[in-house]
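Heads up: the sequence lines are chains A and B, in that order.
Mapping the first sequence onto the numbering used here, position 33 (from 1) lands on 33, and the numbers just tick up by one.
Mapping the second sequence onto the numbering used here, position 484 (from 1) lands on 484, and the numbers just tick up by one.
Everything labelled a hint here was simulated from the structure, so no lab data went into it.
Bear in mind the structure is a predicted one, so any value in this text is a computation, not a measurement.
Heads up, none of these hints are tricks.
Calculated pairs, DMTMM-like style, for lysine to aspartate or glutamate (alpha carbon to alpha carbon, straight line, at most 25 Å):
#1 K24(A) to E220(A)
#2 K492(B) to E534(B)
#3 K351(B) to D319(A)
#4 K92(B) to D424(A)
#5 K325(B) to E388(A)
#6 K13(A) to E287(A)
#7 K325(A) to E421(B)
#8 K354(A) to D324(B)
There are 2 protein chains.
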Amino acid sequence: MTFEERARELVAKMTFAEKMAQLKYDAPAIERLGVPAYNWWNEALHGAARNGTATVFPQAIAMAASFNPELMEKVAVAISDEVRAKYNAVRKTGETQIYEGLTCWSPNINIFRDPRWGRGHETYGEDTYLTAVMGTAFIKGLQGDGKYRKTDATLKHYAVHSGPEGVRHGFNVDVSEKDLYETYLWAFKYCIDNAKPSAVMGAYNAVNGEPCCASKTLLEDILRGEFGFDGYVVSDCGAICDINNHHKVTENEAESAALAVNNGCDLNCGTAYQWLKTAAALNLIDEDTVTKSVERLFTARFRLGMFDEDCEYDNIPYDVIECDKHRALNRQMAQEGIVLLKNNGILPLDKSKKIAVIGPNADSVKVLLGNYNGVPSIYNTLLRGIIEESEARVNYAMGCDLCVADKALGDKSREAVACAENSDVVIMCMGLDPSYEGEEGDAYNAEMSGDKPDIELPDLQRKLIEKIVALGKPIIFVNVTGSCINLAYEDKNCDAVIQCFYPGAEGGTALADVIFGKVSPSGRLPVTFYKSTEDLPPFEDYSMKNRTYKFFKGEPLYPFGFGLTYTDIKENWIDENTAIITNTGNYDTNYSVLKYEYIPHKSLCGIKKIFIEKGQTIKVTF
Amino acid sequence: MTFEERARELVAKMTFAEKMAQLKYDAPAIERLGVPAYNWWNEALHGAARNGTATVFPQAIAMAASFNPELMEKVAVAISDEVRAKYNAVRKTGETQIYEGLTCWSPNINIFRDPRWGRGHETYGEDTYLTAVMGTAFIKGLQGDGKYRKTDATLKHYAVHSGPEGVRHGFNVDVSEKDLYETYLWAFKYCIDNAKPSAVMGAYNAVNGEPCCASKTLLEDILRGEFGFDGYVVSDCGAICDINNHHKVTENEAESAALAVNNGCDLNCGTAYQWLKTAAALNLIDEDTVTKSVERLFTARFRLGMFDEDCEYDNIPYDVIECDKHRALNRQMAQEGIVLLKNNGILPLDKSKKIAVIGPNADSVKVLLGNYNGVPSIYNTLLRGIIEESEARVNYAMGCDLCVADKALGDKSREAVACAENSDVVIMCMGLDPSYEGEEGDAYNAEMSGDKPDIELPDLQRKLIEKIVALGKPIIFVNVTGSCINLAYEDKNCDAVIQCFYPGAEGGTALADVIFGKVSPSGRLPVTFYKSTEDLPPFEDYSMKNRTYKFFKGEPLYPFGFGLTYTDIKENWIDENTAIITNTGNYDTNYSVLKYEYIPHKSLCGIKKIFIEKGQTIKVTF
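With the hints as extra help, turn the sequences into a complete structure.
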């Protein structure tokens, strides 16, 4: 029997009430049918998340910066091993609680169209192709290719979702058909075609008037119709209640729940589906519709091997969690996600130099972890990574707070100046953290609800930077953010500029590997770095006009795809699908060869990441 | 000219208004006299504090547990080197801001009479002699023995000060003369006699009706009269305003300020002394009295070399801050401050055992730092120390929150059980942290204002412990607190019990050194570990009756001075001042030989810490 057949047979034994209850994310046990309680909510954005110890890989945006889909798939394999190991360990308790399950609500493949969006760092950046191939690699790694699915991947947030966070629960996006298909849906279709994700999560917002989690157009016509998606759809958390509370499209929760189920939203994160009984009593839904949704959900559970004894993943041991192999893989991904933006020759840095490490992000654990994260049992902050690799003394000063000055301890910049004066070279670790740019309700940037007001570093950081620049010491500037920041001043006044996204538990080690030249940097920007907030269209405007490298008419500070190495690479394209790559410099390096189309506009359409030794020539074919 | 003469000459050139302004802790510059602005407030309880990077030694109570005054003096030398290095680095800016100066408001030599006091971990415990010899060693290390003073030490809080935190600003202690001299003042007198501290800080509370910071009895009669103290007195921060606001002994700030200065409180932390001008206008103080205080303060500044070019400490370089030597010293102090309370033979632990490390304090940085702390640029949590020393796999789970359950992430104990089930042995790192037991305004234990309501671990920790005990795995229980906790259950149900006070930046390394047997433990309890809160007299009661090992009539779980090693030590006292110590076991160890008097009651009166090899015999003479 197929998984579908087994699901149909099991669901046929359920009462209507039992079926409705199974559409809630915290699905109850049905003991008489041997169905254990199962909580569908789990997260795995860049590691097994919110369930204690795990290998915390770099945040999604940092992994995108690696421009290395093969490495991404290896990372996702490691993640799903850890999710499985955790599931296997608790399964014998007879239930699976929140964040313990096999159904991962990752990846986030929204297009990072505006740098102000607080959740942009959960995405793979601004480009549809990069997003699509990274998403595909991630899904394949998560789901495996066995008889059973290893874990389920969930594409989110479907669709046209990228802020503002503060109004997301009632926001309507009017989007043109061109932008919809060319930009906002493109990666969803690509991933469905190439990786068969088990699930899709609906977004909070409405598109052209229809709330996404109950949109006939988006779910029935496009997703299941045009795209041929055959998995299950889950709502974002609380999104169904938003339909009546914020979108005002329905009158009450029963109507919202019915509208969602009738349009194909099978599973509810939140509380709305407890009103399904009321909806049924009011004849707003019929049992056949509910049955179809429950069958989809149980097909998934059968396909995950939850009701079998021969699942090939049941014996993944607890010891894979944060094992040495995963830690090594994490370090590699962190290295490849670091982007070198400027270098006057100071890098790689001589290990005998006395270093001042300055900045609020230098010893921050938060910036390692990003959001939607697990907990590493061992981690290396940027500062610790530098201290452990340096062969000389390292002086550390926080220098200033991240964005709001805590004056209780006096003027922190005085220590920073002393540190710099007593050192040969300064490494500044500035930027933001995931409590400043993040999700609504998560970040303390209250006015913007997790979004950034602009693309500037906070004032108190700017003042510290100017004070240190004034000392005349060589400066390596490390910008630690999940998004574009205006780095024009740093580009002009510092000797080197490094973009370090939220780099994971091994972030400090990886940064030190790059700074001291153990590896040549090979990351590239997955987003455009603009020079000014003035360059951006209004944040609420979802038109792609004048946005991202494809449509921006101005001159960026650092373009999408930009990233230096420690060597010189010559690309010689002998035809549109073949490039001869030569390393004419003095370092071995990883290098992503990027293929672009130019009609109707410049557009990435191919990525091959290679390792090339100094003096070597490699022919790359797409 | 002596420092006193130079001070007198300089102060003679000041106007009355200038003199009054110099009694504020943030003393302004007097440019025409070449006097730079100087902020008197600095802290150095267990490292240069609140001024950025420093070697963060174990909290005071942990250093007391070392029962090693010689090592304490070395630590204090290191601390004063770092304070000086920081001062030297900023001095050229022409002013010395808060926490940058040479006048350290440490040590805290209050008697930790009741385990509920939140600030008890800032002290050297419950015994007067241990407090006195540790305080003396600390002062000597801080002040040096050169031509100039290296830094100033300040004895605090004078006097009879140990909670409750919530009412400290208006609390009056009625104390008998016996308890006052025998317990509460004893260490003050000893330190003054043996180490000549530069300063004394008055307490918030009143004693027998007189607010301490303006007490004729305490300051004039006893401190300067009987004890012959010739330094300066500083108020606790805001304590002078308390005299009218909370003690209600005066009507307003001008009266409070006058009362304090007239009774010998030279320097004011807070704002009260800005009313000295008003007090002078009202004839509540005269210029001669103010002059005397200013002379004391400038004597101190001259003695610190602030107005000279030949001070032997002016060239202490920035590089001493957190230098390798200090880190090694820190590790040693952390090792010696760990107390082994029970061991059924499981310790030292075989490095090849697979370990589950469980508990909210396992990866806590807060517990390393204590309060009144600096910032380490590199530190090892208990978890990290264990991971780095273990030769097998370590599984980590937080297991529960410290005291208030955050249910957003589900039931954390499930992961802890999985960890334990997948390991050979469990190390539980439980206890409190300095945000739970601490100073008024500092700790979140709101009801008690930083004090503990009882001596029990929080309920959610107890539940986790019972759950893990039920698994039947061997358990090494590490209690991380700054105070006594009822460990009767753990003593009964765990294979080993370790008391780890807040152990400083190298705490995890030191704990691993002890657990895996790199060193034998040698710490001893500086406080009695009671079995029940019922054993304690009312917290507000300052009578020593039935308190501490000297007067407690019940049976403690672990007595004051208790602490196991990995070897067997025989003490043979051949006369009251001579002991023959023999190591008959299989480990080399440090060992504190304690001498007690028994009349009129058991009372510690001698400490000699020795290193004794296995098989060795050492004669110790007091």
